[in-house]
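Peer 1: Take a look at the letters that make up each chain.
Protein chains: 2
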Amino acid sequence: MSKRVALISTGEELLTGETVDTNSAWLAASLWDHGLIARRMLTAGDDLEGLNWALSAAGDVADLVICTGGLGPTEDDRTAEAVAAWAGQSLVENSEALSQIEARYRARGREVSAANRKQALLPAEAVVLENRWGSAPAFAVQRGGTQVFCLPGVPVEMRKIFEAHLSPQLVVDDPPTLVRIRTFGVAESRLQAMMAKLDLGAADLGFRAHIPEVQIKLRFGPQVPEEDRSAVTATICGALGDAVFSVDGGDLASTVIERLTSADQTVALAESCTAGMISAWLADVAGASAVLMESAVVYSNAAKTRAVGVDADLILAHGAVSEPVARALAEGMRARAGTTWGIGVTGIAGPGGGTEAKPRGTVHIAVAGPEGTVHQHAVIPGTRAQVRRRAAGAALALLLKSC
Amino acid sequence: MSKRVALISTGEELLTGETVDTNSAWLAASLWDHGLIARRMLTAGDDLEGLNWALSAAGDVADLVICTGGLGPTEDDRTAEAVAAWAGQSLVENSEALSQIEARYRARGREVSAANRKQALLPAEAVVLENRWGSAPAFAVQRGGTQVFCLPGVPVEMRKIFEAHLSPQLVVDDPPTLVRIRTFGVAESRLQAMMAKLDLGAADLGFRAHIPEVQIKLRFGPQVPEEDRSAVTATICGALGDAVFSVDGGDLASTVIERLTSADQTVALAESCTAGMISAWLADVAGASAVLMESAVVYSNAAKTRAVGVDADLILAHGAVSEPVARALAEGMRARAGTTWGIGVTGIAGPGGGTEAKPRGTVHIAVAGPEGTVHQHAVIPGTRAQVRRRAAGAALALLLKSC
Chain F
6 MSKRVALIST GEELLTGETV DTNSAWLAAS LWDHGLIARR MLTAGDDLEG LNWALSAAGD
66 VADLVICTGG LGPTEDDRTA EAVAAWAGQS LVENSEALSQ IEARYRARGR EVSAANRKQA
126 LLPAEAVVLE NRWGSAPAFA VQRGGTQVFC LPGVPVEMRK IFEAHLSPQL VVDDPPTLVR
186 IRTFGVAESR LQAMMAKLDL GAADLGFRAH IPEVQIKLRF GPQVPEEDRS AVTATICGAL
246 GDAVFSVDGG DLASTVIERL TSADQTVALA ESCTAGMISA WLADVAGASA VLMESAVVYS
306 NAAKTRAVGV DADLILAHGA VSEPVARALA EGMRARAGTT WGIGVTGIAG PGGGTEAKPR
366 GTVHIAVAGP EGTVHQHAVI PGTRAQVRRR AAGAALALLL KSC
Chain A
6 MSKRVALIST GEELLTGETV DTNSAWLAAS LWDHGLIARR MLTAGDDLEG LNWALSAAGD
66 VADLVICTGG LGPTEDDRTA EAVAAWAGQS LVENSEALSQ IEARYRARGR EVSAANRKQA
126 LLPAEAVVLE NRWGSAPAFA VQRGGTQVFC LPGVPVEMRK IFEAHLSPQL VVDDPPTLVR
186 IRTFGVAESR LQAMMAKLDL GAADLGFRAH IPEVQIKLRF GPQVPEEDRS AVTATICGAL
246 GDAVFSVDGG DLASTVIERL TSADQTVALA ESCTAGMISA WLADVAGASA VLMESAVVYS
306 NAAKTRAVGV DADLILAHGA VSEPVARALA EGMRARAGTT WGIGVTGIAG PGGGTEAKPR
366 GTVHIAVAGP EGTVHQHAVI PGTRAQVRRR AAGAALALLL KSC
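Chains F and A, in that order, give the protein sequences. 18 is the number that my numbering gives to position 13 of the first sequence; each next residue is one higher, with no gaps. 350 is the number that my numbering gives to position 345 of the second sequence; each next residue is one higher, with no gaps.
For identical chains, the list gives no copy identity; a pair is met inside one copy or between any two copies.
List of simulated lysine-lysine pairs, DSBU-like, C-alpha gap at most 30 Å: (1) Lys165 / Lys123; (2) Lys202 / Lys123; (3) Lys222 / Lys165.
What the hints contain is simulated information worked out from the structure, not anything from laboratory work.
Pulled out of the complex, with its shape left as it was, chain F reads as follows (with noise of 0.2 Å):
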């Protein structure tokens, strides 16, 4: 099965921004799932001329067409209308929709009144899909080879029609395959660089940067066979070494918190320049309490000294930006947390506060652990908010490699 999907969001909320298409998005995972893409997805406002631009658009290209939004009952909502005119069918009272419209309505002892009737205006030909999650009757028109479901913008409708009348329709019999490697600390050229001679066989390669990390994605045939699957994947681990840190897992932060979890081992951090970053990222894994014991943001030098321990000597030496005081961070908070392993993170994120020697950007890095501390030192080229990701990320790669 090879259809060609096209999606289609309405509304105003759309084209100012106001609301996030998480609609479509929802319905290409969807699709995803049953082994079809949605090649093109359109968004147009409530007015007849946007709504008739998109199905034209999409009717031309796509034999399936899903269609969300402007389904309501007041007179912004004209995707009926707009479908009708593009089927060449007249819109007329649909006697299934105003029964399940009046139903719905007598149940809550409410009476329907002509905003709700004109729900129930639908081209000719259409075929009604029950609608037990709101009052807006959902359906699907014919034309040609082109079949145009339309579903309500309301999330939650909108995904439960799906699920009991497209879902069904849609079953694929060989999806593709997909398995996602997650690097860390290589830019999408060098690892493309790196992969350059190597057989990835019959797998469709795409890249996606997801700062810190960036992910490959390979895409496989039905009918490549599993051990082929997995010796591209080999291949490509194999060729990037430490830079990949999950096979088909989770992020960072999660696939240390997994690491450690079944390690039974623990951490705790001092994180000067990324202010507790790390450790949000860090709680945000459902069981990071097990793993996770606790953290000091220590900004001022008086932090440091105090809440970790760090020598006031030692920073007046070398500055609060350098390995020893990174080391000393790392060390120090192990000792008084009790934990397996301690993390110091220490650098510039900027705007201010560089000099020539220590640029802005500067970030030492330390993970103490049982047999010893292990030190990195990089110069983060970015905003205050990217130094300060990448550095986040470059301290849990740290951890990853050590642990």
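With chain F's structure known, arrange chain A on it following the hints.
Peer 2: Frame of chain F, contents of chain A only:
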């Protein structure tokens, strides 16, 4: 000025539903702030066929097209190639783009790879838009009456380039005026109800939920005088009271930093369930280091006692998630760090850990200051991430009410 605007977003990750298209929503909102509406949005994959389709469909209906994504160094980055074909131009190495890439790599002491060099291949008549935030060159191309701007898909780069290069060109003769009232702690539907009977004059009203805050956007036509705008704004602020924390100002964290900086005051935090999130939010504001002295992430009971001095018997008597412990965290942290303000947060973020007496989402927050300690208790609905974000927001809002 009534430019017809279309947005194109590209990337397989959008078509598979892995990524929600926040870039288009951000661009739409920014255009709206300039008095422009993106009448059409289109999404295609990384394939030339899809890109060609999007450019031709958008170019037919718009005189300004903004396209995001597909400018990276890898083989699946094909936007420049597609735009060149659409504009009828050849793809040539752009010396300005190349020298920007070279300068960027040289500054990092790295070689320019063949893949990076490919990023300088642009349509022959492209105008390069300097990208100081990443390596992907952005550019603009004109065909007939239609101008296409191609921006990187990485959100931070896209936003910075939009602000630096597009925003100044989008000056509208009679722009509408936008007033943004930022609120916290009251649901959108309730805000709407509280404002239902207010006289909003000629204001166009919009709401935007951005967890943990809700923004109220007032759009005034160019002919509305300043005093009328102020009067409407004052009416709304009066009706919403404490829920409003800024008018045309920053978010909760930057409002806190601004307020404390101008009062020459400082803050320290003891975070349990929020685990560094509040500190990280504050630290994301440039200049935070003068205000945020230190924080302790105290997940374990032992850490609450050791790092902040909370009496172990108090925790035994009331439990870690309780009013007395929240107060002790705030007061202990304030005393240890010697700051003007101390914040303590303890709660059950879930998914586990809830009991009948203290259900999941239970949060106790305390703010200790020169005139004593205030406390707030809430049971916050939602996922682990939502509970933590809302608790972090509530802590900052409580500080703003106190200081």
